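Here the protein sequences line up with chains A and B, keeping their order. Sequential numbering of the first sequence, starting at 1, is according to my numbering. Sequential numbering of the second sequence, starting at 1, is according to my numbering.
Any given hint could turn out to be false.
You can't tell identical chains apart in this list, so a pair holds if it fits in one copy or across any two.
Unchecked claim - Derived lysine to any residue pairs resembling SDA-like cross-links, with alpha carbons at most 25 Å apart: (1) Lys294 x Asn190; (2) Lys197 x Ser312; (3) Lys294 x Ile185; (4) Lys6 x Thr206; (5) Lys294 x Arg324; (6) Lys197 x Glu161; (7) Lys402 x Asn100; (8) Lys197 x Ile185; (9) Lys197 x Gly363; (10) Lys348 x Arg324; (11) Lys335 x Arg254; (12) Lys402 x Glu168; (13) Lys99 x Glu49; (14) Lys99 x Arg446; (15) Lys99 x Leu47; (16) Lys402 x Arg255; (17) Lys335 x Gln153; (18) Lys304 x Glu188; (19) Lys197 x His33; (20) Lys348 x Asp181; (21) Lys335 x Glu385; (22) Lys99 x Ser362; (23) Lys6 x Lys348; (24) Lys5 x Ala340; (25) Lys99 x Gln46; (26) Lys99 x Gly39; (27) Lys294 x Asp186; (28) Lys304 x Asp186.
If you are wondering where the hints come from, they were derived from the structure by calculation, not from laboratory data. On a predicted model such as this, the values are computed, not experimentally measured, just so you know.
2 protein chains.
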Amino acid sequence: MTAPKKLILNLFEMNCVSHITHGLWRLPGNNRHRFNEIGYWTELAQLAEAGGFDAIFLADVIGAYDVFGDSAAAALEEGLQIPNNDPMLVVPAMAAVTKNLGFGVTFSTSYEPPFAFARRMSTLDHLTDGRVGWNVVTSYLPNAARNFGLDDQIPHDTRFEIAEEYLEVLYKLWEGSWEDDAVVIDRENNLYTDPSKVHRIDHVGTHFSVAGPHLSQPSRQRTPVLFFATASSAGIARAAKHAEVVFTGGTQVRRVAAEARAAAVENGRRPDDIAFLVQAGVITARTQAEVDVKLALYRDHASKRGRLVHASIPFDALAHPLDRTLGEALAIDGKSQHPAAATLPRDKTIAEFLALIDESWSGPFFSAGTPEKVADDIERWLDEEGIDGINLRQYHSFDTLKDFVELIVPVLRRRGRLRESYVDGQSLRDRLFGEGDRLPDRHVARSYRPVVVGSSD
Amino acid sequence: MTAPKKLILNLFEMNCVSHITHGLWRLPGNNRHRFNEIGYWTELAQLAEAGGFDAIFLADVIGAYDVFGDSAAAALEEGLQIPNNDPMLVVPAMAAVTKNLGFGVTFSTSYEPPFAFARRMSTLDHLTDGRVGWNVVTSYLPNAARNFGLDDQIPHDTRFEIAEEYLEVLYKLWEGSWEDDAVVIDRENNLYTDPSKVHRIDHVGTHFSVAGPHLSQPSRQRTPVLFFATASSAGIARAAKHAEVVFTGGTQVRRVAAEARAAAVENGRRPDDIAFLVQAGVITARTQAEVDVKLALYRDHASKRGRLVHASIPFDALAHPLDRTLGEALAIDGKSQHPAAATLPRDKTIAEFLALIDESWSGPFFSAGTPEKVADDIERWLDEEGIDGINLRQYHSFDTLKDFVELIVPVLRRRGRLRESYVDGQSLRDRLFGEGDRLPDRHVARSYRPVVVGSSD
């Protein structure tokens with residue numbers, strides 16, 4: 001009999017007021033408006049570590065949601081991912097007050113030079129002693145492109161091509177520039193580093209030219225744990241090559257996992273070299289009656305408009321009767337030809353569309369109930385839906401986390417679904433995959449290691 | 001009778017092994033090789049705060065010193081500013097364990113997009129609650145340019161022109177994009193921000209196009225305290241317009257201060273809107289005998305080669321007799337035409353040149369002696385040399401800092417040269433200039449504030 005599959009447990013966060021559960025920042029006792037304060041992050045991290053979470057996963061955008069009403073006004077009103085702050089900079093504060101919690105930070109390959117980013121991630125990996133991951137994104141907001149000197153969004157395929165070269169540059173810097181034994185710290189001979197073991201990368205490509213050497217000495221993990229969010233086939237191909245953790249849409253996880261695992265094997269990797277995570281929502285309390293009260297309170301505070309702004313639909317659907325179809329409403333508002341309307345399901349009513357885009361209260365990875373009921377659902381997600389873990393959505397900060405830690409974690413542990421404790425001082429990668437701190441040699445990044453003269457193999 | 005001038009007291013640091021006092025990382029008990037660890041930074045920050053320091057000032061480079069011997073080998077051997085890590089990312093860790101200490105971080109305007117940097121600094125200002133400064137540099141290492149896709153260093157004048165537009169973009173984002181009362185946090189009306197008080201900047205210039213709005217809401221200081229390191233006349237003109245703190249070469253401080261203050265007045269600023277700092281070295285102990293032992297030990301560990309590498313001279317001067325002139329040595333090594341030799345004083349002997357470039361043990365702002373003697377020197381620097389403060393050079397981490405805190409700080413306080421304690425929770429700018437958290441209206445940055453409709457003035 002094999003041991004039951006254990007849950008990878010991340011908290012889903014963003015350095016802003018309203019990340020996903022729009023309108024809920026207004027709940028009594030919600031701390032989300034405190035996101036600017038360092039105390040918000042240190043308190044959150046300590047709670048997550050007390051509960052044995054694997055990591056806090058930080059989303060990010062570098063522009064405003066300004067498609068709805070052709071303006072950022074609604075996003076600003078809702079506090080919807082604007083204002084926001086840099087996600088990387090809260091990690092050292094959280095790392096200073098924790099010892100085992102991991103951190104996944106989102107960073108886009110589209111707008112900033114790889115050399116500076118490589119050093120930032122190495123710095124984080126040093127400061128956390130191997131507890132960081134990178135969520136590789138290419139950005140999708142048109143406003144983001146305009147913040148970085150472009151007239152409009154870079155086309156999807158070009159973004160992916162840039163990202164591919166970006167990763168190549170990073171692998172050369174992280175894996176190839178410094179040999180493992182380059183740093184010798186020989187005080188007697190005033191020799192900190194053996195220069196024969198440090199290499200320029202002299203990368204000259206289509207999008208980047210980078211001389212090197214990398215400025216940081218090798219950190220514990222070298223390459224941070226690689227997260228990719230995807231569901232598209234181009235995304236799956238990319239993930240099969242690069243990803244260690246894939247974060248994917250709830251309804252598609254089985255298909256995405258099967259395709260990505262098969263493609264990973266074609267890349268010389270193992271099927272379980274990639275873990276699959278979904279965003280999940282849990283609302284719990286000691287009794288079902290309390291759960292019902294909490295659920296009603298949360299739903300009552302939810303903002304429908306927030307969901308529409310977040311979905312970047314180009315008109316105010318709530319100004320129409322809810323039984324009108326999107327197609328009719330678009331025509332009435334003169335927005336039928338709007339580029340952002342191209343993929344909308346025009347035959348659906350506005351009510352149907354709202355239900356469709358609001359996964360916060362339903363869907364395959366939502367569970368509202370007593371701890372035993374939620375644990376049942378999570379076991380089913382692991383065993384039947386095929387996931388490896390969750391990014392836990394926050395309805396209320398810090399109540400969602402506290403509830404999970406107090407009520408769900410003990411049940412999952414009793415059922416053998418969550419480790420009893422951390423292996424103190426373990427790196428994030430080693431905790432997730434059990435093969436040590438570094439990427440395995442079968443990962444493409446390791447092909448950029450320098451050829452070591454005199455090596456016996 | 002006016003109160004005696006008080007000292008602005010910063011600790012000079014860099015996220016690397018060997019910052020300035022090359023060779024000394026090998027001293028017994030020196031912690032510099034621990035720069036990769038978060039504990040190095042939190043311990044350092046707590047010591048500095050216990051001693052009432054104004055700030056930790058973090059230098060940075062984004063390339064390797066590879067002119068000496070046409071290679072980075074010597075810099076790597078010496079641990080000379082390589083390996084190094086990102087300076088910004090240690091600030092949140094230090095901020096998490098302190099309450100009043102400030103942080104000055106170096107960042108170059110030459111290679112990374114202003115939009116992302118603007119958010120990073122706003123994030124730091126939020127996390128520290130108004131305790132950050134920015135040391136504005138344009139970078140000078142040729143290797144840095146090659147790490148960011150360029151064939152060679154951007155010419156000096158172009159770097160300054162880019163920097164000027166960079167600052168304009170930042171001022172628009174920091175000062176102009178969000179009005180003071182934009183964030184309302186009105187839970188009843190689901191209104192986090194009043195969108196009529198948030199503005200795109202729509203900057204279109206020679207080097208940058210940035211739409212905005214700024215992603216971060218206004219932080220306590222908005223624009224971080226602006227540090228400039230300069231001594232050239234172009235630098236002074238720039239500083240007179242922008243700088244709040246000027247960090248300048250020891251032998252030139254009186255001239256630089258006089259010129260910059262006069263030029264500041266022409267810009268509508270006040271002479272004391274700019275504070276002048278020098279790098280200073282202090283070696284102290286309870287008795288002169290102990291000082292002498294310490295000084296001898298430190299000098300014994302100092303690396304002459306480190307100074308030559310740091311000075312980017314293009315040949316190994318130490319392979320020649322010390323009484324040979326630089327001109328002769330250059331000719332013998334066939335390096336007379338090397339671009340990096342252009343500004344060398346060819347008539348000086350190598351011994352004279354070494355003394356000239358090694359300010360660590362001499363010069364106008366070096367003091368080795370008992371606490372009373374050092375305090376005498378510091379008072380003279382303040383009253384006769386015209387400085388406002390120092391960046392304290394570290395010979396030994398953490399002994400240099402501990403000695404200063406234990407032995408010098410009490411004497412300076414007794415003499416009224418250092419505040420007795422922090423005003424708890426004060427911003428860095430308010431502590432330095434006493435006019436509140438924000439830049440005064442006479443600073444150019446404030447001219448980018450939005451025109452507020454209906455304002456009475």
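Worksheet item: Which holds for Lys197 with Ser312 at a C-alpha limit of 25 Å: within a copy, between copies, both or neither?
Response: Classified as between: cross-chain Cα gap 22 Å, same-chain 50 Å, threshold 25 Å.
Worksheet item: Can you tell me if Lys5 and Ala340 fall within 25 Å by alpha carbon in one copy, between copies, both or neither?
Response: For Lys5 and Ala340, neither the intra-copy (41 Å) nor the inter-copy (62 Å) Cα distance is at most 25 Å.
Worksheet item: At most 25 Å between C-alpha atoms: does Lys99 with Gly39 qualify within a copy, between copies, both, or neither?
Response: The answer is both: 17 Å in one copy and 12 Å across copies each meet 25 Å.
Worksheet item: 25 Å Cα cut-off: does Lys197 pair with Gly363 within a copy, between copies, both or neither?
Response: For Lys197 and Gly363, the Cα distance exceeds 25 Å both inside one copy (53 Å) and across copies (38 Å).
Fill in: Intra- versus inter-copy proximity for Asn190 and Lys294 (alpha-carbon distance at most 25 Å)
Result: close only across copies, 19 Å inter versus 64 Å intra.
Practice prompt. Please work out whether the CA atoms of Lys6 and Lys348 approach to 25 Å or closer within one copy, between two copies, in both situations, or in neither?
Written response: Cα proximity of Lys6 and Lys348: none, with 39 Å in one copy and 71 Å across.
Worksheet item: Are the CA atoms of Lys335 and Arg254 at most 25 Å apart within a copy, between copies, both, or neither?
Response: Classified as neither; 36 Å inside a copy, 66 Å across copies.
Worksheet item: Is it within a copy, between copies, both, or neither that the alpha carbon of Lys348 lies no farther than 25 Å from that of Asp181?
Response: Neither, since 61 Å and 41 Å both go past 25 Å.
Item to complete: Pop the pair Lys294 and Arg324 into one bin, within, between, both or neither, using alpha-carbon distances up to 25 Å.
Response: This pair counts as neither: shortest intra-copy Cα distance 31 Å, inter-copy 84 Å.
Worksheet item: How would you classify Lys335 and Glu385 at a CA-CA limit of 25 Å: within, between, both, or neither?
Response: neither (39 Å within a copy, 69 Å between copies)
Practice prompt. Pop the pair Lys99 and Ser362 into one bin, within, between, both or neither, using alpha-carbon distances up to 25 Å.
Written response: For Lys99 and Ser362, the Cα distance exceeds 25 Å both inside one copy (35 Å) and across copies (44 Å).
Practice prompt. Since the copies are identical, ignore which copy is meant and state whether Lys197 and Glu161 lie within 25 Å (CA to CA) inside a copy, between copies, both or neither.
Written response: neither (31 Å within a copy, 39 Å between copies)
Of the numbered hints stated above, those contradicted by the structure are hints 4, 5, 6, 9, 11, 12, 14, 16, 20, 21, 22, 23 and 24, listed in ascending order.
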